[in-house]
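*Asks:* Sequence:
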Amino acid sequence: MTKNTRSKNSQINDSCLVTSLSVENFREIIEETVKTRTNELLENIQCLLKEVSDLKEQVRLLTDVNDGTLKPRKDRDEESFEHLQDDLLNDFFKSAIEDKSEANNQNTIIVSNQKIDKKKRRLEVKIPERQKNTQQRQSIVKKKQKNAIIGNGDADLNFAGAARRIWLHLGRVRANTKVEDVDKFLKNKCPNKEFIIESLSHDTQRNGSFKIGADMDLKDILYSANFWPVGVSISRFNFFRNKHQPQTISNN
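Whatever position you read off the sequence shown (first residue = 1), add 1439 for my numbering.
Any given hint could turn out to be false.
Stated by the list, open to error - Cβ pair distances, simulated, as ranges:
#, residue 1, residue 2, range
1, Phe1598, Asp1656, 20 to 26 Å
2, Ser1638, Ala1599, 17 to 23 Å
3, Phe1624, Ala1601, 20 to 26 Å
4, Arg1675, Lys1617, 21 to 27 Å
5, Arg1675, Cys1629, 17 to 23 Å
6, Val1498, Glu1467, 45 to 51 Å
7, Gln1577, Arg1645, 26 to 32 Å
8, Trp1606, Ser1578, 18 to 24 Å
9, Glu1471, Asp1493, 31 to 37 Å
10, Asn1597, Phe1678, 26 to 32 Å
11, Gly1590, Asn1646, 38 to 44 Å
12, Gln1497, Ile1605, 52 to 58 Å
I should point out that these hints are in silico values taken from the structure, not numbers from a laboratory.
Using N, Cα and C, we set each Cβ at its ideal position, and we do this for glycine too.
When you get a sec, could you build the whole thing from the sequences and use the hints?
*Replies:* In structure tokens, the structure reads:
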């Protein structure tokens, strides 16, 4: 082999070595860049997750306060989402304390970091006395109905349960209308049916009113507006209060 040939081969080998080193270095640079960029993205993701968590906490607090709003804040990074205006909390957070610094005192009321019972945040709903009494009466009636036992034994000729009836309040009837007049009207409309009618009027100068008992199978008929004369009112009779209770009447 000549000297020139050996020189050329040496140059080729050196060129291949340089190329190999360049590729290897390029690969390392790419890997390092990818690693660095990946770490940056992970950090950004963590920051975004924290912001989402903070926003969820803010929404939860605003939901608890209902009609409250957040006080203006000077520095979002320094103040947490739990720093709410005390007067907007309607005295529900008893552990709220004022920040002693003058700057913060003008902008916010700091809520104590102590664990707050969610039950204390609930609004106190004041139920009107009349509605409260009605709910108590309905509760008593439901309990009685729940505890009632209906007999289903053998029939007895001398002793039997009374037939179920519906009881209605007939109001806004023309003055001086008598029980006989109402009974005649009902029997003309419903032949072969018996009715229990009691006058509730005490003043003959005012509109008359009656308590009516009828068979249960007449319920749909008697609660139809077309069944009654124009102007009278029909509602369910409330024995507990000894007065009527409004009930919807169909127009069929």
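*Asks:* For every hint, state whether the structure bears it out.
*Replies:* Status of each hint after checking the structure:
1. Phe1598 x Asp1656: 20 to 26 Å: Because 24 Å falls inside the window, the suggested range holds.
2. Ser1638 x Ala1599: 17 to 23 Å: violated (29 Å)
3. Phe1624 x Ala1601: 20 to 26 Å: holds (25 Å)
4. Arg1675 x Lys1617: 21 to 27 Å: holds (23 Å)
5. Arg1675 x Cys1629: 17 to 23 Å: holds (19 Å)
6. Val1498 x Glu1467: 45 to 51 Å: Taking Cβ atoms as reference, Val1498 and Glu1467 lie about 47 Å apart, which means the hint holds.
7. Gln1577 x Arg1645: 26 to 32 Å: holds (30 Å)
8. Trp1606 x Ser1578: 18 to 24 Å: holds (21 Å)
9. Glu1471 x Asp1493: 31 to 37 Å: holds (34 Å)
10. Asn1597 x Phe1678: 26 to 32 Å: holds (28 Å)
11. Gly1590 x Asn1646: 38 to 44 Å: Hint holds: Cβ distance 41 Å, inside 38 to 44 Å.
12. Gln1497 x Ile1605: 52 to 58 Å: holds (56 Å)
In this structure, only the earlier hint numbered 2 is contradicted, and the remaining ones agree with it.
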